[in-house]
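Number of protein chains: 2
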Amino acid sequence: MYRSHSCGELRESHIQTAVTLSGWVSKTRDKGFVVWVDLRDRYGITQLVFDTDRTAPELLEKARNLGREFVIQIKGNVIERASKNANIPTGDIEVLVEELVVLNESKTPPFTIENETDGGEDLRMKYRYLDIRRNPVKENLIFRSKVAMEVRNYLSDQEFIEVETPYLIKSTPEGARDFVVPSRMNEGQFYALPQSPQTFKQLLMVGGLDKYFQIVKCFRDEDLRADRQPEFTQIDCEMAFVEQEDILNTFEGLTKHLLKSIKGVDVENFPRMTYDAAMAKYGNDKPDIRFGMEFGELNAVAQHKEFNVFNSAELVVGIAVPGANSYTRKEIDKLIDWVKRPQIGALGMVYCRCNDDGSFKSSVDKFYDQEDMAKWAETTGAKPGDLICILSGDTNKVRAQLSALRMELATRLGLRQNTEFAPLWVIDFPLLELDEETGHYHAMHHPFTSPKPGQLALLDTDPAAVRANAYDLVLNGNEIGGGSIRIHDKETQATMFKHLGFTPEEAKAQFGFLMDAFQYGAPPHGGIAFGLDRLVAILGGQETIRDFIAFPKNNSGRDVMIDAPAPIDDAQLKELGLKLDF
Amino acid sequence: MYRSHSCGELRESHIQTAVTLSGWVSKTRDKGFVVWVDLRDRYGITQLVFDTDRTAPELLEKARNLGREFVIQIKGNVIERASKNANIPTGDIEVLVEELVVLNESKTPPFTIENETDGGEDLRMKYRYLDIRRNPVKENLIFRSKVAMEVRNYLSDQEFIEVETPYLIKSTPEGARDFVVPSRMNEGQFYALPQSPQTFKQLLMVGGLDKYFQIVKCFRDEDLRADRQPEFTQIDCEMAFVEQEDILNTFEGLTKHLLKSIKGVDVENFPRMTYDAAMAKYGNDKPDIRFGMEFGELNAVAQHKEFNVFNSAELVVGIAVPGANSYTRKEIDKLIDWVKRPQIGALGMVYCRCNDDGSFKSSVDKFYDQEDMAKWAETTGAKPGDLICILSGDTNKVRAQLSALRMELATRLGLRQNTEFAPLWVIDFPLLELDEETGHYHAMHHPFTSPKPGQLALLDTDPAAVRANAYDLVLNGNEIGGGSIRIHDKETQATMFKHLGFTPEEAKAQFGFLMDAFQYGAPPHGGIAFGLDRLVAILGGQETIRDFIAFPKNNSGRDVMIDAPAPIDDAQLKELGLKLDF
Numbered sequence: 001m002y003r004s005h006s007c008g009e010l011r012e013s014h015i016q017t018a019v020t021l022s023g024w025v026s027k028t029r030d031k032g033f034v035v036w037v038d039l040r041d042r043y044g045i046t047q048l049v050f051d052t053d054r055t056a057p058e059l060l061e062k063a064r065n066l067g068r069e070f071v072i073q074i075k076g077n078v079i080e081r082a083s084k085n086a087n088i089p090t091g092d093i094e095v096l097v098e099e100l101v102v103l104n105e106s107k108t109p110p111f112t113i114e115n116e117t118d119g120g121e122d123l124r125m126k127y128r129y130l131d132i133r134r135n136p137v138k139e140n141l142i143f144r145s146k147v148a149m150e151v152r153n154y155l156s157d158q159e160f161i162e163v164e165t166p167y168l169i170k171s172t173p174e175g176a177r178d179f180v181v182p183s184r185m186n187e188g189q190f191y192a193l194p195q196s197p198q199t200f201k202q203l204l205m206v207g208g209l210d211k212y213f214q215i216v217k218c219f220r221d222e223d224l225r226a227d228r229q230p231e232f233t234q235i236d237c238e239m240a241f242v243e244q245e246d247i248l249n250t251f252e253g254l255t256k257h258l259l260k261s262i263k264g265v266d267v268e269n270f271p272r273m274t275y276d277a278a279m280a281k282y283g284n285d286k287p288d289i290r291f292g293m294e295f296g297e298l299n300a301v302a303q304h305k306e307f308n309v310f311n312s313a314e315l316v317v318g319i320a321v322p323g324a325n326s327y328t329r330k331e332i333d334k335l336i337d338w339v340k341r342p343q344i345g346a347l348g349m350v351y352c353r354c355n356d357d358g359s360f361k362s363s364v365d366k367f368y369d370q371e372d373m374a375k376w377a378e379t380t381g382a383k384p385g386d387l388i389c390i391l392s393g394d395t396n397k398v399r400a401q402l403s404a405l406r407m408e409l410a411t412r413l414g415l416r417q418n419t420e421f422a423p424l425w426v427i428d429f430p431l432l433e434l435d436e437e438t439g440h441y442h443a444m445h446h447p448f449t450s451p452k453p454g455q456l457a458l459l460d461t462d463p464a465a466v467r468a469n470a471y472d473l474v475l476n477g478n479e480i481g482g483g484s485i486r487i488h489d490k491e492t493q494a495t496m497f498k499h500l501g502f503t504p505e506e507a508k509a510q511f512g513f514l515m516d517a518f519q520y521g522a523p524p525h526g527g528i529a530f531g532l533d534r535l536v537a538i539l540g541g542q543e544t545i546r547d548f549i550a551f552p553k554n555n556s557g558r559d560v561m562i563d564a565p566a567p568i569d570d571a572q573l574k575e576l577g578l579k580l581d582f
Numbered sequence: 001m002y003r004s005h006s007c008g009e010l011r012e013s014h015i016q017t018a019v020t021l022s023g024w025v026s027k028t029r030d031k032g033f034v035v036w037v038d039l040r041d042r043y044g045i046t047q048l049v050f051d052t053d054r055t056a057p058e059l060l061e062k063a064r065n066l067g068r069e070f071v072i073q074i075k076g077n078v079i080e081r082a083s084k085n086a087n088i089p090t091g092d093i094e095v096l097v098e099e100l101v102v103l104n105e106s107k108t109p110p111f112t113i114e115n116e117t118d119g120g121e122d123l124r125m126k127y128r129y130l131d132i133r134r135n136p137v138k139e140n141l142i143f144r145s146k147v148a149m150e151v152r153n154y155l156s157d158q159e160f161i162e163v164e165t166p167y168l169i170k171s172t173p174e175g176a177r178d179f180v181v182p183s184r185m186n187e188g189q190f191y192a193l194p195q196s197p198q199t200f201k202q203l204l205m206v207g208g209l210d211k212y213f214q215i216v217k218c219f220r221d222e223d224l225r226a227d228r229q230p231e232f233t234q235i236d237c238e239m240a241f242v243e244q245e246d247i248l249n250t251f252e253g254l255t256k257h258l259l260k261s262i263k264g265v266d267v268e269n270f271p272r273m274t275y276d277a278a279m280a281k282y283g284n285d286k287p288d289i290r291f292g293m294e295f296g297e298l299n300a301v302a303q304h305k306e307f308n309v310f311n312s313a314e315l316v317v318g319i320a321v322p323g324a325n326s327y328t329r330k331e332i333d334k335l336i337d338w339v340k341r342p343q344i345g346a347l348g349m350v351y352c353r354c355n356d357d358g359s360f361k362s363s364v365d366k367f368y369d370q371e372d373m374a375k376w377a378e379t380t381g382a383k384p385g386d387l388i389c390i391l392s393g394d395t396n397k398v399r400a401q402l403s404a405l406r407m408e409l410a411t412r413l414g415l416r417q418n419t420e421f422a423p424l425w426v427i428d429f430p431l432l433e434l435d436e437e438t439g440h441y442h443a444m445h446h447p448f449t450s451p452k453p454g455q456l457a458l459l460d461t462d463p464a465a466v467r468a469n470a471y472d473l474v475l476n477g478n479e480i481g482g483g484s485i486r487i488h489d490k491e492t493q494a495t496m497f498k499h500l501g502f503t504p505e506e507a508k509a510q511f512g513f514l515m516d517a518f519q520y521g522a523p524p525h526g527g528i529a530f531g532l533d534r535l536v537a538i539l540g541g542q543e544t545i546r547d548f549i550a551f552p553k554n555n556s557g558r559d560v561m562i563d564a565p566a567p568i569d570d571a572q573l574k575e576l577g578l579k580l581d582f
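Just so you know, the protein sequences line up as chains A and B, in that order.
Heads up: the first sequence begins at 1 in my numbering, then just goes up one per residue.
Heads up: the second sequence begins at 1 in my numbering, then just goes up one per residue.
Each hint should be verified, as a subset may be incorrect.
Note that identical chains are pooled: a pair holds if it fits in a single copy or bridges any two copies.
[To be verified] For lysine to any residue, the following SDA-like pairs were computed, each having C-alpha atoms within a straight-line distance of at most 25 angstroms:
no., residue 1, residue 2
1, Lys375, Ala410
2, Lys27, Val49
3, Lys508, Ser106
4, Lys508, Glu105
5, Lys126, Arg341
6, Lys330, Gln73
If you're looking for bench data, these hints aren't it; they were derived computationally from the structure.
Whenever a hint applies, use it, and build me the whole structure from the sequences.
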């Protein structure tokens, strides 16, 4: 037993108790006649005291020589502090040390182990084990563990079974790139790491397991964008004998439980919005609805004058920015520069000030009169004191641009509070989406998603119009989960593969086992998967998932701490029947 | 809503209730005037009834045409059964059907979906999704899920944190072969899949996380023996500021909790036995102590006569087989043949009958008298009516042979009851073991295991004598967990690597990050890992882990259902900078 108590445990009631503590030397303050040491472990900090009156001289000397991050064990007595510290739970007491053992020394750490560290991102990653000692990182990992436990408890209570699906599976060219694993026992052949357990969970439904979940690692060999990881964690779920309504209710229940148990937040029934409505009102299929600023489509009230920019546009659309009439001309010019940046790509922005006296002043007063602008205000919901920002152009592009502007302004205006949670179901997604480059249609969700009843024939005539039994759960402008009701008969699945450009042979080679399974009494089924990394980050009130992963990889997919990936031995390659060739 | 109740739910109290059920047609019995259908789902079986008196003719006809494993939905009324079936929970009632919808048809399954199936292993693996519909497999998967939940609940209550460690790590030649994953973004470099999260969990201890666990997949590219899988699941645990005693107590607590909560079995404090004692008493480091038949070493009482077989042996050792004096000469000859099989490899077996009258009759009566044999009986604990089986030869070999014989006889005698649970700690393992082929020493547990205090110097003079702070948890003759107190300082770790044949450069290249970490205040720490697959199988009273894995691989490492591994596209290989070469 290295300790009788943790460093976060001792209170006034422990005064006069003999204790043994172990932990790290967080800080030493040497006042000559007295030395204080802050001893830290996972649970908190306890102040140790050594002084000339009560401490043996050798022990005092030993305390003086303790370096930062030394690991020590002490025995001593809990005493009342002379000057209490209300900022920490152990602030009423300190421990007068009688014995001190150095369990391990420490070199000076490359950055300070404090809430606000002086370590840069790279250094913190290389010494991640020291970074984890810092409270914010440690608390994030504990928080993640707690969220995962709550998910498991809730789903288990609902009779869901956690089933482990295999990690060594088969590569399928559909979707993102697979990581592959050469097989030594089957030379020239490869396993693939799963991008998700999709087909396996569907097979479990065919197998009658009814309610499945799994918290599981998934893998995608993508060129990494910021805040994407090659390995990530999903809460993967599937149910049989269900309709969309059953899935939405079940996982709305889970999400409410998490918000309540983890954050203490009660949320009303989640609103639902079609994909089309989300795109029209927010320019985005994962709208942040913590604030308004909904899109007002202005074609009808802005294309009747001589302003060609608007007249030639497919869509003219604006938002009312609350209180932003106070922006100076300079501030507005900066905003125009912001939307013209290549990342956003707007060609310009028309604005209209809504003055307190009810009059309007716009950048296109040449073309439009007060009556026109009153209609713009009405359509965008602008009130006196607001600023209307208007973009125009191709529908898809201009919606994306205005959506980006809306989010940016909301952030600037403090409308995106991380203590507020606004979940939303987005439903009725398109089944397919057009790849502009290749001219081919892809499955928007995945090839196993079922079209809305009665829309199968439409695939031949107007594929883009087909809607799917697919849904996303959106929280504060982030997609935290997505799923669908699946196809469960061989013919529909074959039709779907055909429309996705698979030959019957390709479909059979890659997904023959699933189509076979559909012939042996597959029940109606559907499911959902949540991105745990993102869910945890958002619940934790933060935006970067990396801070909630114990050992993340950098943007080149490297673990800089262990220095992986790395070359392997020639012998190893030879055993695998492989040769480097680049 | 496809159903109002499950097929396992309806009781007498539901009589007169209108219900909707969905499930699979398990069986149809057509008596002409009445048709009964057994409707099955995950939760049970409910009998449906259709008859000429109460059912519309078209509906009766529809029921007649239902095939096995059709998926149907019915609406009807719960009525009392005329002849009740006490064997199933729903046996008091049946449902008089009013509406029937066929949700999906089914081809005739390749084997029967019943508790005892006519499907062979290969067929069951190819159609695993149908095999899972069978009760025994389904119940195993539900059982596994329950065990995992109990593990998580228990450890979470003890303030353990579940932390996900990475799957894409670095290959290390030590130990078993790694599966590797070529990196596309870092050409010519590879990740490896973890054989265990060993170094990461130690780094979490350096990071101050104190009590870690994870239920996690691990990977080993071994030539598969029966009942080994290339991917398997570990309950991986680590604690800081602990001694061996703390770990044993903590995980004895976990194991007791599992036995109690899952099996309803109370177990006393677990006995502890040193490795040396286990080898001497049972010839095995994972002895099954549900029964006696402990080894009696007979050198002192069997090497004093003219019997050269014994005199030239390093070890003469016997066991008393209870009641086996009743074996015929023929049966004993068969036993001798059994130990002489190449899998066991004994050259012969001496036996000694312990007659009811207190006299002895052995196969070596030429050499030994009654007094000698009385001593053998005393040493082996044999009583009148027992049979003493004696093997001799090289200590290690003969112990392994007699251990195999002991287990075989216990099985034959019905002494290995799967309702009885006898856990045991085996402690004080050797730190190193000699590889007979290469003449080199390997780490018996792994290179991070600490030697017993004060024994470090012994590594230079008598490496085989060094004992480790290492322990195994054994249950009913199976190792279900193993662990150790780790090295936590750089010097000891470097010494250990040196003795394992690493050059300092190799040690630094492979484990530099860990040795670096030890310089920044690594706390004393240790841990344990349980094999979940085996633990679940043993708790479930079975021996093959494959029946507790949803989608297992066969002995060639193949998933025959999805047909993996499989060749990949040339384009994929090219992107990875690889060429096939075999």
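Need the list of violated hint numbers for this structure, in ascending order. 5 and 6
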